[in-house]
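Number of protein chains: 2
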Amino acid sequence: MYNSFHLSDYLGRCRETIDTALVDLFDQVDQNRRIVAAMRYAVMGNGKRLRPILCFAAAEAVNGSSGDAILPAIALELIHTYSLIHDDLPAMDNDSLRRGNPTCHIAFDEATAILAGDALLTLAFEIITDPAFSAPAPEMRLGAVRIIAQAAGYQGMVEGQMRDILAEGRRLSIDALKSSHALKTGALIRAAVETGATLAGGSPHQVKQLRQYADDIGLAFQVTDDILNVEGDPDRMGKAVGTDADRQKNTYPALLGLDASKTLANTLVSHALSSLDIFDHSADPLRAIATYIIERKR
Amino acid sequence: MYNSFHLSDYLGRCRETIDTALVDLFDQVDQNRRIVAAMRYAVMGNGKRLRPILCFAAAEAVNGSSGDAILPAIALELIHTYSLIHDDLPAMDNDSLRRGNPTCHIAFDEATAILAGDALLTLAFEIITDPAFSAPAPEMRLGAVRIIAQAAGYQGMVEGQMRDILAEGRRLSIDALKSSHALKTGALIRAAVETGATLAGGSPHQVKQLRQYADDIGLAFQVTDDILNVEGDPDRMGKAVGTDADRQKNTYPALLGLDASKTLANTLVSHALSSLDIFDHSADPLRAIATYIIERKR
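From first to last, the protein sequence lines are chains A and V.
Everything in the first sequence is counted per the working numbering, starting at 10 for the first residue and increasing by one.
Everything in the second sequence is counted per the working numbering, starting at 10 for the first residue and increasing by one.
The set of hints was computed from the structure by calculation and includes no laboratory data.
Fair warning: this is a prediction, and the values are worked out from it, not measured in the lab.
One or more of the hints may lead you astray.
Any copy, or any two copies together, can satisfy a pair, since identical chains are not distinguished.
[Said to hold, decoys possible] The calculated lysine to any residue pairs, modelled on SDA-like cross-linking and capped at a C-alpha distance of 25 Å, are:
| no. | residue 1 | residue 2 |
| --- | --- | --- |
| 1 | K217 | P147 |
| 2 | K187 | V38 |
| 3 | K217 | D118 |
| 4 | K271 | P213 |
| 5 | K258 | G73 |
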């Protein structure tokens with residue numbers, strides 16, 4: 010029953026699964042090495058684990074299990090973390106706080122942060138090939154490598170960050186802002202549901218609907234991020250607010266106003282939910298996550 | 010016949026194969042995008058293409074062809090280029106010249122250079138999954154992803170660069186210097202012969218011998234690099250010399266002296282050649298490359 014689904018329990022279970030996998034990953038290697046310490050510091054911060062959770066939930070929507078999706082789930086969180094480390098660098102957004110803690114280049118130094126990001130990105134692809142996991146089959150894993158590499162690379166997340174930087178000081182159209190976000194955050198969120206559903210044996214039609222869902226919630230997530238930067242609570246968020254306005258960044262509140270931004274986020278989530286109509290209760294986690302994305306306080 | 014083998018013709022053919030593949034790769038995408046321009050700028054510089062050449066030559070040594078090795082060859086050159094871009098950054102080695110041209114962060118800017126490196130690293134893994142190539146089989150490709158990711162990551166090249174940075178201002182033992190180089194440059198050179206030989210169907214014994222060859226020439230390559238930094242011709246090398254001594258870097262000439270460094274390079278190459286004794290004339294390219302590595306002027 011949709012109403013009886015407890016999202017916070019679900020999110021807690023998913024986070025425990027992914028955090029256990031990440032701890033196991035780093036426990037296997039020498040903790041005293043500086044590069045490992047920096048990688049671990051960034052990964053084990055207080056993250057929402059949204060991408061792994063979406064990966065698990067998409068696997069479950071097609072009647073698979075989180076176990077089917079563990080390899081891309083880990084890979085996606087490592088890639089997400091690498092992108093945060095590099096985005097925070099002085100040459101990029103120059104942020105000193107992330108998830109309530111000093112950013113990687115503040116806690117370590119700039120060279121170490123660049124290398125830790127590089128190493129996490131590389132490790133993401135190594136993980137998918139891990140022979141300690143008997144499944145999925147090589148062909149499926151190679152497909153996951155392809156989906157994730159395309160989403161993370163110069164046609165996806167990297168291009169989004171490049172556009173973000175180029176847009177500084179220029180006023181974008183709302184369409185340009187949307188397509189920038191579709192690349193910067195949307196591509197990896199889409200990859201999360203796509204790899205999760207694919208590895209769990211989803212049909213092409215199911216995967217297509219899930220991609221549509223992901224595109225809508227990915228955008229809704231970014232709109233909500235912008236709204237939180239205006240009216241969020243810095244203590245709950247673990248980072249400063251009002252920074253977008255200070256930097257005159259292109260945001261939905263700046264371009265549309267706060268009320269229209271909230272309406273946009275709601276419309277996107279409604280659309281995302283309608284994409285899930287072909288699924289039964291197996292997609293309840295994805296439904297609840299869509300609502301959570303715009304109601305979250307951090 | 011070994012004596013009749015013309016290395017310069019061979020290197021020219023290999024470079025043409027890899028350069029054509031790289032040009033094709035970038036011709037498929039929008040040249041006007043800044044991220045693509047930066048990636049292309051760095052990749053199409055005047056590189057030696059050593060890793061792709063070794064990848065091809067290893068495939069041929071086990072009686073395969075360069076076609077068997079084209080995907081890892083491209084991937085390795087992209088990864089090598091990414092590592093140069095990031096190593097040259099102000100926070101790392103702060104170099105302004107590379108291959109005779111301004112480094113990527115000088116020709117573009119620091120943020121673009123970081124992103125171009127990230128994008129090239131990611132593209133390397135995308136390339137290996139390219140469905141436009143009918144071979145090799147998914148299992149073989151996944152193996153290549155694993156070999157390359159392990160060589161490039163926190164247990165390989167990234168760790169080598171981290172150690173390089175940590176060693177600044179400290180005098181290393183010769184063993185520590187060797188193991189640092191085995192990671193920083195050796196790991197990717199080993200991955201080149203390993204992926205080339207594996208994808209061309211080499212036996213475990215053949216691959217083992219080729220790995221030993223690679224470890225020796227990888228180290229010889231680094232020793233020669235250090236020697237060239239002392240007595241090379243800056244015009245031929247396209248970069249400044251004497252920079253290692255200025256920075257008091259740990260180098261073979263600094264730790265062993267110039268003559269002992271040359272002896273070491275020669276010994277390593279002899280050992281590399283003996284690892285090839287199990288191969289017939291199919292390994293002549295690898296034999297000639299080993300000699301070239303210490304005789305090169307750039």
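Pop the pair K187 and V38 into one bin, within, between, both or neither, using alpha-carbon distances up to 25 Å.
between (40 Å within a copy, 21 Å between copies)
Is it within a copy, between copies, both, or neither that the alpha carbon of K271 lies no farther than 25 Å from that of P213?
Cα proximity of K271 and P213: none, with 32 Å in one copy and 60 Å across.
Could you figure out if K217 and D118 sit no more than 25 Å apart (CA to CA) within one copy, between two copies, both or neither?
For K217 and D118, the Cα distance exceeds 25 Å both inside one copy (42 Å) and across copies (39 Å).
Given identical chains, is K217 near P147, meaning Cα to Cα at most 25 Å, within a copy, between copies, both, or neither?
Close inside one copy (23 Å) and across copies (24 Å); limit 25 Å.
Checking an output row: K258 and G73, CA cutoff 25 Å. Within, between, both or neither?
For K258 and G73, neither the intra-copy (41 Å) nor the inter-copy (54 Å) Cα distance is at most 25 Å.
Going through the hint list in order, the structure does not satisfy hints 3, 4 and 5.
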